[in-house]
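Whenever a hint applies, use it, and build me the whole structure from the sequences.
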Amino acid sequence: MTATAFLAILSHWWRHPLQLATLITGLALAAGLWSAVQAINAEARASYSQAAEQLGTAGAARLVPETGAIPVARYAELRRSGWQLAPVLEGIIRFEGQSFDIMGVDLLQHPQAQGLALAAEADSAPALDALLPPGRIFAHPETAALLDASQTDHPVTSMTGLPRGVAMADLSLASRLLGQSTSLSYLLILPDQRPGLRPLEELAPELTFIPARAASDAARLTDSFHLNLTAFGLLSFAVGLFIVQGTIALSLEQRRGMTRTLRGLGVPMRLLASLFAAELAAIALVSGIAGLAGGYLVAAALLPGVKATLSGLYGVPVDGSLSLRPSWILSGLAMTLGGTALAGGHALFMLWRMPLLAAPATHARGQQARRSHLTGAGLGAVIIIVGCIILHLFHGLIAGFAFLGSLMLGAALLLPLLVSASLSLGARTAKGPYAEWLWADARAQLPGISLALMALMLALAANIGVGTMVSSFRLTFTGWLDQRLFAEVYVTTANDVQGAELSEWLHAQGIHVLPRRHHDTRYKGAPLRVYGFEDDPAYRKNWPLIAALPDVWDQAARGQAVLINEQLARRNGLVPGNTLELSPDWHLSIAGIYSDYGNPNGQAMMSLPALLTREPNIPNRNFGLRAAQSEVHKIIKNIREEFDIPPESILDQATIKARSLAVFDRTFVITATLNLLTLGVAGFALLTSLLTLWNQRLPQIAPVWAMGASRRQLAAGEVLRSLLLAAATAILALPLGLVLAWTLLSVINVEAFGWQIPMYLFPFDWLRLFLLALLAAIIAAVLPARRLIRIAPAELLKVFANER
Amino acid sequence: MSVKSALVTMAVFWAGAALPQSYAGLGSSAEGFAIPQQSTRLNFPADHGPHPDFRIEWWYLTANLEGSDGASYGIQWTLFRSALAPGEAGGWQSPQVWMAHAAVTSQDQHFFAERLARGGFGQAGVETAPFDAWVDDWQMRSVDETLEQISLSANDLTFSYALNLTADGPLVLHGRHGYSVKSASGQASHYYSQPHYQVSGTLSLPDGPVEVTGHGWLDREWSSQPLAEDQSGWDWFSLRFDSGEKLMGFLLRSKTGDFTSGTWITAEGKAEPLRPGAFQAEALAVSDVQGRNIPTRWHASLPEKGVSVEIQSLNPQSWMGTSFSYWEGPVSVSGSHSGKGYLEMTGYE
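The listed protein sequences correspond, in order, to chains A and B.
Each number in my numbering comes from the position in the first sequence (counting from 1) with 11 added on.
Each number in my numbering comes from the position in the second sequence (counting from 1) with 178 added on.
Heads up, some of the hints might be wrong.
Stated by the list, open to error - Partner residues are not named here, just some residues of chain A that face chain B (Cβ under 7 Å, in silico):
{"#": "1", "residue": "V83"}
{"#": "2", "residue": "A87"}
{"#": "3", "residue": "R90"}
{"#": "4", "residue": "L119"}
{"#": "5", "residue": "L142"}
{"#": "6", "residue": "L143"}
{"#": "7", "residue": "L182"}
{"#": "8", "residue": "D203"}
{"#": "9", "residue": "R205"}
What the hints assert, rightly or not - Computed spacing ranges between beta-carbons, pair by pair:
{"#": "10", "chain 1": "A", "residue 1": "D164", "chain 2": "B", "residue 2": "E389", "range": "53 to 61 Å"}
{"#": "11", "chain 1": "A", "residue 1": "F220", "chain 2": "B", "residue 2": "T218", "range": "49 to 57 Å"}
{"#": "12", "chain 1": "A", "residue 1": "F220", "chain 2": "B", "residue 2": "S246", "range": "38 to 46 Å"}
{"#": "13", "chain 1": "B", "residue 1": "A463", "chain 2": "A", "residue 2": "D164", "range": "55 to 63 Å"}
{"#": "14", "chain 1": "A", "residue 1": "E659", "chain 2": "B", "residue 2": "L262", "range": "29 to 37 Å"}
{"#": "15", "chain 1": "A", "residue 1": "E153", "chain 2": "B", "residue 2": "L262", "range": "25 to 33 Å"}
{"#": "16", "chain 1": "A", "residue 1": "A156", "chain 2": "B", "residue 2": "G265", "range": "32 to 40 Å"}
{"#": "17", "chain 1": "A", "residue 1": "A156", "chain 2": "B", "residue 2": "Q285", "range": "53 to 61 Å"}
{"#": "18", "chain 1": "A", "residue 1": "A505", "chain 2": "B", "residue 2": "T218", "range": "45 to 53 Å"}
{"#": "19", "chain 1": "B", "residue 1": "P223", "chain 2": "A", "residue 2": "A156", "range": "36 to 44 Å"}
{"#": "20", "chain 1": "B", "residue 1": "Q285", "chain 2": "A", "residue 2": "F220", "range": "39 to 47 Å"}
As the list claims (entries may be wrong) - In silico contact screen, one side only, chain B against chain A (beta carbon under 7 Å); selected entries:
{"#": "21", "residue": "G269"}
{"#": "22", "residue": "F299"}
{"#": "23", "residue": "G300"}
FYI, nobody ran anything at the bench for these hints, they're computed from the structure.
Glycine included, every Cβ here is placed at the ideal spot set by N, Cα and C.
Printed below as a string of structure tokens:
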């Protein structure tokens, strides 16, 4: 009996394949986007911890020379004093016109040695050959491919854990390639030094100690980004469930007759309910698997964008390709099953409570609608108010996102009432019975379609909000670049000696030079870079100040005060007039705060002479050159002829700006993509809702047809109605989107990055989105409309004959 | 202490990455490295220094010590030199790689540490005038060109030691004039020892410093030929009897039959090479050491000298978990002769 009953239940899908497709697609979409986001998050997090554990040398404590290089003999002395150090020699080599950063390490000492040995072994090379001529180069697969193509002398081993563009080699090879056999660039300080060592500042006073960057820095900084992604994933998941909820309810409603028959034949309700549940579970499982596969593909496609974002915004390198994690598969499937249960629970419950012989009547939805609209709207208003209270009472990223979430949910719940109200308003303009029927019919359809409209509104609002945020940011960023990059040429020399020569040469040429020297330190445990600047009218004219004391530049030029960046100010609640305590005996008064987008760390600026009194040996390798625009290329050419400076180290203002903007744009690729995907899902939700309604439409349309409206007219009405609803939704989405944008700019950004960005409005973008929403509505309505045009009059007549 | 050869070649190392395959099949063909010659006569102090044309070499010191607290201790200080290619070159181009092991063993504790270094720029090396062997801040240093009076130090996170050693007997050349045969197929090394050290100094352990005195034994050996292909490992004994006599004996394990040899050292310090097979050793009991079954109680015999002794390790868990791992620790001797010594065992995987 069970099998027969189950077959009978399943037979529904044979007759409604489109419905099945909708259900599976909806669930798969929900599961897919959600798992894509989870996969990206997991990958990025795994990459952080891997970086922290294995390849954490970028943040490891180190000894750097104040000027020039560290003699190898100095390294040997420090080792003989008991300090466990790993030497590194860096430089640039060119193979066949391509330049690579070479990183020479002692393979016996370097923390990464084990990984390199294993990589070489996987390459079936005796690991030791890296120590002997011709040596071996280790590089990220992408860089390895370039190296393989441009040089053949040294075998290359690919290793995903290495940063791109870096060729790593044993010091024997690196020192040969760079022609530097007796000097080192810096020394890594290995963990676990024995007790009783003489302090480094006594042993090597000429070397500067750079403390380790806390391993958790990356994770802390990027938390906001992952929270952002998760929020997007959850939004998509919710939108997907909206689709599914309607479809499940419809499929159960359409089987009421069958259910009644089966029960009449003696199938117990308990069994029937279990069978329905089993059916849903099976569908959820299939969809979940499809969703996971899709999610994996989406994640793989998005990962490069995520990497760009993370390195662009936070300076955190993410490497490695996507890997399949069992926990990811399990959680994805569980999420789908749970979501299906949530979406189908109510419909199943209604079926359970259905009296044995109740007639399968179509709901008199219209009458109930108003009351449920009011309930929903009331709930929505409460949720929004709670969100506002949370934002007011608590601070931080979580509060910001909680506010966003409650705002979106509350607005969604308010939507049916608002759409219904605007339709009532519209109905007043109606002339003639057909137009009146059209407005009234649109209102009558609201309950069936409101979930899809909510999804559409959320997607549109997210689009407006995120779009406004990104565009405002870009506009601000461009203006800021113009202010900040006021020198025409930027040069970086290989060392201080070259720096001094260049500086002298430039003076002789009559070119105005602005040295850019800095000292790295820590403030309250976080990295802080202190720049020294030479007083110049250009700073006073251009520097992007947010807040400042009246005589900020005079004070700073006299060495009495510093300027700090917005990040440092916000993180530590500093305002002009406060004091910045860099060490117990180093206090500086803060005279101004400047914006510093794209920098994850704190920064301060002070007069260079004052900084040099304190830190006499800071490197002098970066210079900004002022010159007439027409002279720029000549100056660059002259410098290159005079000095051995690679082209990468001499950049004109336009190049730097173009690069910065390119980085910026890459950074937000992921956001734009997710935005578009969410909108796509919402469009799909609208389509499925309209298709779902189709079957219930006939009894309502047939009388209108019988009264003389043509099928073509009815089809046009169908499209019009869909347009009306979408338009109303899109108009309501606009204010929500703007509030969202404000929250992102003034709450989330401040918490996540430490900078606030002014909000700009982009009406053309809104118009584009509005048209997009209408387009989605037309596409969604076209299918039912076509059916209506082609329907046999007999079908419409049947409505009057049949029991329904 | 011959056969550390294979061990060191395997140890030519990158932390943890065992690379036996890269040296597999070397056998006696030594790829441009010098081969020990029977005609060679050792020449001091030059031969206290490194022989970069040979593939492997070591300065290997062990000592049995007694603490002021009455407890027994053992220490090990070893500097291995391993050449990736024969000869020496300056700076990072040097093919010489150095590795040092240090250990302190008590009845219930065993501390060990390892250091790796490149030759060529002074982080590690051995010089002869005066004698000085070092890696980082680990050092074996003489006051002059001889090995008569040396100071020894090693430092790590949890332990360190600083000892003074004074020899009260002559150097001992093993085999014929220091040419020591290691297998029936002719593998050999140059091998001499200074087994007559009086030791005093301080061990610094987690529980505090301990003043110690005792006896030490230095081994010097170099070769380019590792084990014969069928040899899987060895058990090596350096025993100092209360009578003043000493015995160095080793057992090279092989599927095709074990190879044993050694040297009998009289109380006056005169060396008598043992013919192959004269020295015998068999395991009496095994201990579970880091998941391996390792013999930690032995019976050793040298019938021609009336030696039949039982050898018991001070601490069965004297496992050197270094880049390549092995068992090395102090032992006590009882039976026909009593005394102390050191035991090293490799190839128990």
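Query raised in the report: What are the numbers of the hints that this structure violates, sorted from low to high?
Result: 19
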